[in-house]
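A.B. asks: As a plain string of letters, each chain reads:
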Amino acid sequence: MLPPASDIGVTARPSILSRVIAKLRRAPPSAIFGMIVIAVYITAAIFAPWIAPYGEYQVVSDGPFAPWTEANLLGTDQLGRDFLSRIIFGARNSIGIAFVTTLLAFIVGGFFGIMAATLRGFADQALSRFVDSVMSIPDLIFTLMLLAIFGTSVLNLILIIAILDSTRIFRISRAAAMNVVTLDFVEAAAARGEGLIWRIVHEILPNIMPILISEFGMRFCFVFLSIAALSFLGVGLQPPLAEWGSMVRDNATLINVGDITPLIPAAAIALLTVGINFVADWFLNTSSGFSDEA
Amino acid sequence: MGFLFNSIFKMITRRIALGFLSLMIVSLIIFFAVSLLPGDFATAVLGRSATQDAVAAFQQQLGLDRPLYQRYFHWLSGALIGDFGNSFSMRPVAKIIGPRLLNTLVLAGTTAIIAVPLAVMLGVICARFRNRLPDRVLSAVTLASISVPEFFIAYLLMLALATKFQIFPSLSSVRPGMGFLEQAHRMALPIMTLLFVVLAHMMRNTRAAIINVMSRPFIEMAQLKGEPEMRIILTHALPNAIGSIASVVAINLAYLIAGVVVIEVVFVYPGIGQTMVDAVRNRDVPVIQACALIFSATYILLNLFADIISITSDPRLLHPR
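Chains as they are written, first to last, in the UniProt record's numbering: chain A, 1 to 294; chain B, 1 to 321.
Hints in this document: simulated from the structure, not taken from any laboratory.
Here a beta-carbon is modelled for each residue, glycine too, at the ideal position from N, C-alpha and C.
Take these hints with a grain of salt, some might be off.
[Said to hold, decoys possible] Derived, one-sided and incomplete: chain B residues facing chain A with beta-carbon distance under 10 Å:
(1) Ile167
(2) Val174
(3) Met178
(4) Gly179
(5) Phe180
(6) Leu181
(7) Gln183
(8) His185
(9) Val262
(10) Val277
(11) Ala279
(12) Asn282
(13) Ile300
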């Protein structure tokens with residue numbers, strides 16, 4: 001650990017917080033828009049029970065598809081539940097599950113990717129060929145097949161999508177780690193007899209973290225869209241759980257009478273992915289995240 | 001020249017062999033993944049209350065009582081001649097998916113025939129007017145259509161063109177007896193939706209491929225000679241970018257595979273994508289396996305095709321370092 005900058009008599013480096021603020025000030029309008037969108041969605045997801053006017057499963061109207069009124073701002077759904085409340089709770093379910101899935105995919109894919117790059121040889125070959133063959137089946141098709149085999153519970157959905165998506169992250173993290181493992185400080189660590197896990201955690205992981213973080217947004221969007229598509233097809237998150245993809249499906253008949261209500265959850269999905277893409281774009285364009293040069 | 005063709009031939013044969021190998025591995029994965037099914041087929045389909053006789057009869061009828069490897073070879077050799085055995089509803093799988101496969105091929109094929117030239121053309125326009133108005137507008141539109149779910153685009157088009165202005169029917173239930181125009185009219189909305197989905201990806205990648213070539217010395221040479229920009233793109237950049245454009249086109253046609261599933265469900269189009277989703281809901285494993293194999297084989301063949309195009313279009317690939 002270095003002593004604080006003031007003690008060693010050099011010009012003080014700005015603190016991380018002030019650097020982040022300085023960077024945010026220079027962010028383009030699209031990225032700021034994206035960050036506001038993400039913040040709104042996260043707020044809705046966390047505080048859903050306090051924001052939503054009604055409960056997730058609460059039936060509030062006498063018949064299905066009640067029109068927009070003051071009591072039910074966006075009307076009610078096919079079972080007479082408040083549409084707006086379902087959308088707000090949907091934020092929690094859709095985003096929460098997609099986030100957990102992406103995180104799991106990164107842990108699994110990142111771990112094996114770094115292992116393959118560090119161990120090389122047979123382990124690398126075996127893992128890489130396995131990943132290649134899994135990736136030669138289109139994602140959605142493979143997911144559908146596995147869901148049919150194991151059944152469509154939330155846990156199965158998370159595990160199946162996470163494991164299939166971890167093949168992409170395996171490739172990314174393996175390629176990134178390949179560049180790092182040959183560097184002197186990693187070889188030095190190996191020479192002083194540090195174990196495999198220690199080298200991965202202390203030497204390799206910190207150096208490929210920026211790449212993984214900037215990839216996280218993109219992969220999250222992909223997972224989020226996959227889960228929405230699966231729920232839309234009726235094989236993803238199961239009722240009565242509120243989920244945006246299945247809300248579109250369940251209320252789609254309204255489109256034929258010119259009612260735009262079913263499009264609102266679809267638009268909610270679209271807005272979030274566009275927002276994340278804006279932020280990820282900006283993040284990728286500014287060299288290495290929140291670094292000193294930024 | 002003889003040497004040249006000889007080595008092209010060798011590379012193509014090697015690539016085809018590789019494609020064949022991955023097809024075999026995929027068929028293994030698809031077949032054996034099903035044997036991971038917790039419990040067994042019979043209880044999954046007939047329910048837990050089924051009698052032992054019913055279970056035995058069911059297993060015998062589907063050949064489930066034979067060893068796994070025998071079933072694999074039987075399944076694969078059948079699949080090669082288009083015989084996928086019986087579904088769990090005891091109808092031949094080929095009867096269920098045959099006509100629907102044709103419908104899907106028509107839908108995806110039409111989309112591809114429109115999308116590929118259009119994407120290359122728009123990509124060229126973007127590259128020509130890079131960072132100017134046409135490029136900015138097209139890039140913004142494509143970024144937006146990449147990041148929204150397919151069913152959102154589908155329902156927007158349905159709302160606009162089927163409900164508000166009743167130009168096209170909202171459901172594309174095509175039947176064999178229909179005339180060509182009638183079918184085309186009913187298929188318009190799914191094709192338009194798929195075009196939006198595929199075009200965006202394809203156009204962005206074409207633009208990137210051309211811009212990548214534009215930074216090479218021979219382009220600068222052409223510019224210094226004073227050739228007009230459009231001519232440089234068409235006669236110098238585009239031919240050199242064909243290899244990479246072919247591979248992005250193939251990769252993006254894979255979005256068509258995923259897109260086709262969702263869009264067939266939205267528009268109730270009688271295709272193989274919808275068949276697969278129905279089979280997943282009913283857990284009709286033989287149908288699922290057949291659909292998965294067809295989709296994966298298409299995907300692998302597309303990639304194989306793209307690689308062969310890039311091998312034959314780029315002489316430098318003949319001398320791998």
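A.B. asks: Confirm or reject each hint.
C.D. replies: Structure-based check of each hint:
| no. | hint | result |
| --- | --- | --- |
| 1 | Ile167 | violated (14 Å) |
| 2 | Val174 | violated (19 Å) |
| 3 | Met178 | violated (22 Å) |
| 4 | Gly179 | violated (25 Å) |
| 5 | Phe180 | violated (26 Å) |
| 6 | Leu181 | violated (24 Å) |
| 7 | Gln183 | violated (21 Å) |
| 8 | His185 | violated (18 Å) |
| 9 | Val262 | holds (6 Å) |
| 10 | Val277 | holds (5 Å) |
| 11 | Ala279 | holds (7 Å) |
| 12 | Asn282 | holds (9 Å) |
| 13 | Ile300 | holds (6 Å) |
The earlier numbered hints that this structure contradicts are 1, 2, 3, 4, 5, 6, 7 and 8.
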